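Trainee: Sequence:
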Amino acid sequence: MTSTEWGRVGDDGTVYVKTAEGERSVGQYPVGTPDEALKFYTDRFLALETEVSLLDQRVRSGVLGPDEAAESIKMVRAQVVEANAVGDLAGLTGRLDSLGPVIAQQRAVKRAEKAKKSAEAKEQKEKLVAAAEKIAEGNDWRHGANKLRELLDEWKALPRIDRPSDDSLWKRFSGARTAYTRRRKSHFAEQDQKRDSARVVKERLATEAESLSTSTEWGITAGRYRDLMRDWKAAGPAPKDVDDQLWARFRGAQDAFFGARDAANAALDQEFAANAEVKDALILEAEGLLPVTDVEAAKRAFRDLADKWDAAGKVPRDRMKDLEGRMRTVEQAIRGLEEEQWRKSDPEKSARAGDMVAKLQAAINGVEADLEKARAGGNEKKVRELEENLASRQAFLEMAKRAADEFSG
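As numbered in my numbering, residues 10 to 418 make up the sequence shown, in order.
None of these hints come from the bench; they were simulated from the model.
One or more hints might be untrue.
Here are the simulated distance ranges between beta carbons [to be verified]: (1) Ser183 - Met238: 29 to 37 Å; (2) Val209 - Gly232: 20 to 28 Å; (3) Lys165 - Leu55: 49 to 57 Å; (4) Lys125 - Trp179: 16 to 24 Å; (5) Arg337 - Trp256: 39 to 47 Å.
Here are the simulated DSBU-like cross-link-like pairs (lysine-lysine), alpha carbons at most 35 Å apart as the crow flies [said to hold, decoys possible]: (6) Lys48 - Lys126; (7) Lys353 - Lys308; (8) Lys180 - Lys143; (9) Lys143 - Lys131; (10) Lys83 - Lys123; (11) Lys143 - Lys83; (12) Lys391 - Lys353; (13) Lys123 - Lys48; (14) Lys194 - Lys131; (15) Lys83 - Lys136; (16) Lys165 - Lys131; (17) Lys194 - Lys125; (18) Lys119 - Lys131; (19) Lys119 - Lys27; (20) Lys126 - Lys156; (21) Lys165 - Lys203; (22) Lys180 - Lys165; (23) Lys180 - Lys156; (24) Lys194 - Lys136; (25) Lys136 - Lys126; (26) Lys131 - Lys156; (27) Lys308 - Lys323; (28) Lys249 - Lys194; (29) Lys242 - Lys156; (30) Lys353 - Lys368; (31) Lys194 - Lys143; (32) Lys156 - Lys125; (33) Lys353 - Lys382; (34) Lys382 - Lys410.
All of these numbers come straight from a predicted model, not from anything done at the bench.
Positions of the beta carbon are idealized from the N, C-alpha and C atoms, including for glycine.
Starting from the given sequences, assemble the full structure and let the hints guide the process.
Mentor: Printed below as a string of structure tokens:
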């Protein structure tokens, strides 16, 4: 009989493996020697040991997920327990059992990672819902729909979270999209209605503008065109293609009228050019009256020039402001000097000034008499007070005399 630490070969060629429960027959090897028999079954054990070592590495490295690892351990453990091999089968089983806590730890990590991802996904979905609800409350009809589509794509890319939370958030998100879409459709329907109303108004305005394009009542018609333009702007936009066509009609009629008016005014300006030359000469004469030395003579000369000015007739529009301004300057200079002379010779003011002089002189006479008495009595304090009083009143008297002289001419 041949034996080792983990097995032996019986006299009849039966091979046994030693276990904690006792020996167990693993097979026979009748064709070879006992050493060859033990080696055959020991090699089987070594193959199992290699498989267990590889599985141990894969489990501990995380290559296998916890569920897949547990299933693989279960299969290999069944092979080891029932293996027809010679070796430390209990040791292999122990190695497999030692992987249980490793898998438990991996499961805990996976659960934590899943919970973290779920929390992050929930937070992201809450942000998406808040963004969608903000868009739904706003009036960004141009970009809102595209933004909601982008938010929906982001939603689809996120993992599902717990069903109640996911369903609740989706209901809010979907509701926001529905509310926005409904309001957007209503807005554009209202805009279409407004544009159609604007089309009706602008068709009427364009027709009226065309009817006025040949008018020669320049002032009245120009005013009416201003009113039409105001109404055009107030009407708002019509459908784009129609709006462009109506504006072309409106603007064309307007241009035709104002072009004709400008041509007529240009003809009048040419006709009035000679009048401007006459008024240029009259202005030179008027400006020759300045500076005024004799108001009455200047007034008579200016009235004569003004009569000639009126008789000269209209001037080109681009000369009106300049010519009228220069003539008005001369007139204002003469009138200003006339008013200044009247102010100085105003009888009431002259009388008031003379009365003031008389009163101040009487007061001064009284102060001088009191001053003489104080000096005679040797009252120095009274003398100083009366001297100061006298100086002040004499200063006022000089001012009053100058004013009286101005009013007396």
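Trainee: Evaluate each hint against the coordinates.
Mentor: Hint check:
1. Ser183 - Met238: 29 to 37 Å: violated, 48 Å
2. Val209 - Gly232: 20 to 28 Å: Given range 20 to 28 Å: holds, Cβ gap about 24 Å.
3. Lys165 - Leu55: 49 to 57 Å: holds, 53 Å
4. Lys125 - Trp179: 16 to 24 Å: holds, 21 Å
5. Arg337 - Trp256: 39 to 47 Å: holds, 43 Å
6. Lys48 - Lys126: Judged against 35 Å, a Cα distance of about 53 Å means the pair is violated.
7. Lys353 - Lys308: holds, 19 Å
8. Lys180 - Lys143: This hinted pair holds, its Cα atoms lying about 15 Å apart.
9. Lys143 - Lys131: holds, 18 Å
10. Lys83 - Lys123: holds, 25 Å
11. Lys143 - Lys83: violated, 54 Å
12. Lys391 - Lys353: Violated. Lys391 to Lys353 sits at ~41 Å, over the 35 Å cutoff.
13. Lys123 - Lys48: violated, 49 Å
14. Lys194 - Lys131: This hinted pair holds, its Cα atoms lying about 31 Å apart.
15. Lys83 - Lys136: This hinted pair is violated, its Cα atoms lying about 45 Å apart.
16. Lys165 - Lys131: holds, 13 Å
17. Lys194 - Lys125: At roughly 40 Å apart (the allowed maximum being 35 Å), Lys125 and Lys194 break the hint.
18. Lys119 - Lys131: holds, 18 Å
19. Lys119 - Lys27: Cα-Cα ~40 Å, so violated.
20. Lys126 - Lys156: Satisfied, since the Cα-Cα distance of roughly 25 Å is no more than 35 Å.
21. Lys165 - Lys203: violated, 38 Å
22. Lys180 - Lys165: holds, 14 Å
23. Lys180 - Lys156: Holds, at roughly 18 Å.
24. Lys194 - Lys136: holds, 25 Å
25. Lys136 - Lys126: Holds - the C-alpha atoms of Lys126 and Lys136 are around 15 Å apart, at most 35 Å.
26. Lys131 - Lys156: Given pair Lys131, Lys156 holds - Cα atoms ~20 Å apart, limit 35 Å.
27. Lys308 - Lys323: holds, 24 Å
28. Lys249 - Lys194: Holds, because 19 Å separates the two Cα atoms, which is no more than 35 Å.
29. Lys242 - Lys156: Within the cut-off at roughly 32 Å; holds.
30. Lys353 - Lys368: holds, 21 Å
31. Lys194 - Lys143: The hint holds at about 18 Å.
32. Lys156 - Lys125: holds, 28 Å
33. Lys353 - Lys382: violated, 41 Å
34. Lys382 - Lys410: OK: Lys382 and Lys410 at ~28 Å, within 35 Å.
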